[in-house]
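**Q** Take a look at the letters that make up each chain.
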Amino acid sequence: MNGRAAWCFVAPALLAILVFFFLPVAAALAMSLTDFDIYALADIANLRFVGLRNYIELLQTPLFWRALGNTFYFVAAGVPLSIAASLGAALLLNSRVTWLKGLFRTAYFAPVVTSLVAVAVIWRYVLHTRYGMLNYALSWFGIGPVDWLGDPDWAMPAIILFAVWKNFGYNMIILLAGLQSIPRDLYEAAELDGARTWAAFRWVTWPMLGPTLVMVSILSMAGYFQLFAEPYVMTQGGPVQSTVSVLYFMYEQGFKWWNLGVASAVAFVLFAIMFAVTLLQLRVARGIDG
Amino acid sequence: MRKILVNGAVLLAGLLAVFPLAWMVSVSLMRPGEASAFPPPLLPAQATLANYRALFAHAGIGRYVFNSALLSTGATVLSLMFNVSAGYAFAKLRFRGRERIFRTLLGALVIPAQVAMLPLFLLLKYLGLVNTYGAVLVPALASVFGIFLVRQYALTIPDALLEAARMDGAGEWRIFRSIVLPLLTPILVTLAIFTFLGTWNDFMWPLIVLTDQELYTLPVALASLSREHVQDSELMMAGAVLTIVPVLLLFLGLQRYYIQGLLVGSVKG
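If you read the sequences in order, they're chains W and L.
Counting from 1, one number per residue, gives the positions in the first sequence under this note's numbering.
Counting from 1001, one number per residue, gives the positions in the second sequence under this note's numbering.
These are calculated hints, taken from the structure and not from any lab test.
From a predicted model like this one, the values you see are computed outputs, not experimental measurements.
In this text, a Cβ means the ideal position worked out from N, Cα and C, and glycines have one as well.
One or more hints might be untrue.
To be verified - Not everything, but these chain W residues come out facing chain L in the computed CB check (under 8 Å):
| # | residue |
| --- | --- |
| 1 | W7 |
| 2 | L282 |
| 3 | A285 |
Stated by the list, open to error - Simulated pairs of lysine-lysine, DSSO-like, Cα-Cα distance not exceeding 27 Å:
| # | chain 1 | residue 1 | chain 2 | residue 2 |
| --- | --- | --- | --- | --- |
| 4 | L | K1003 | W | K256 |
| 5 | W | K101 | W | K166 |
| 6 | W | K101 | L | K1003 |
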């Protein structure tokens, strides 16, 4: 077996990844240090190196801070809620007394494979102030209509609700696999020690599931930081910019106003934040493990 | 008692998960304006396909269905071509720097795709590919996830089998084609579904690189239609059905493979 044959197998894929991913990432870093805009797009000679000016200007842009705040809100509320829903669904499906497990697993998973744009269109209707099903359901409990997507206080919670519905099935599958790999005799031992349902969960399930939960939360967080299509389709960033996310801001800067230098800087700030939060989560997880 | 409680909760959660999708189908069969009533109607008074007809006749949605099907199939074929041989090589063939390159690739998973988007757009612009099918396909060529998926599975192929074939004088290409590929079939199906679903559902990238309506994929077309027709719920639900149902059926038929890939892919280590 010679190395040259092996290279024939890997070279096409590596070349594609190099040219269409690694190179652009490096170029993005360089671009974020330039004033790449519509004039440079027309003639590259107009391009100037500006150092950290894009980053400094971003820090002075109120809408950027707003977008950061909105994205953190979405991540901080959405990730725990969505993991709680996933864990709840996985525990239900893992229970010995559950009927029709396969059917319900598929039902819970269905939203995951749907196109985000299409389900966002559906949910815009479900959340409709006057004709939506959600407000109708709330009216049974005597709760007056909420202007879900039109009220700046409710738009983000509505999008979070939608995202939890869309995504919980994904982590559910992973947690379900984690639950099924917990040895049965641990539960039998806990039962002998007199542990009831809650205690068994607290002292067996939770610690055994720990690593899976950490992984799931890191993956979810990465996904939730990339909020874009939901506000694009449902609210267009409104009302009063309450749903402008970092990527929505990047998209508008880059592909609406053609400020590609600024947009690249936004992408890097987002990347840096995601990286830092991931490291933090890993450190916390290690701290808990001892 | 516990049995009823648990199964009741399972059923309730199931209804919540499926309700918006079921309602989508129901509303798509209503007459224009029928869904704008209070309380919201659950079922159409008289089911009609008028919305679907309007979508095909006036919004030209057939074109978008075609684009989505073509691009998703193209991306699937390309992704299989590029990732499978590489995944196999990383698992079973020896070459200098293999481990280091693979670790670098895995490390790249922490970089969100959006970081590469702006320069990639410029690169494609200079190559004259913006606003062509090619621009949508380029990011699908090879993916770290695809290589990883194939590699994990290929690791289970016994070395003795490959060695025996080499002793018999079979070339590497021959071994790959007649021994490795058949053994990898399940993971090829998995990768194919992932790529197909991923491309079909992708939104941000096609939104950026496609400007001609003629080239829109279903999600991009639906987003643009729904901005024009905010009030036409029945029409939009029909569009959503056309966007969701094909991939939902694909998933239902092949869910075993999909779930398998999800479990391999989630253990990125």
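**Q** Output the numbers, in ascending order, of every earlier hint that fails for this structure.
**A** The structure conflicts with hints 2, 3, 4, although it agrees with all the remaining ones.
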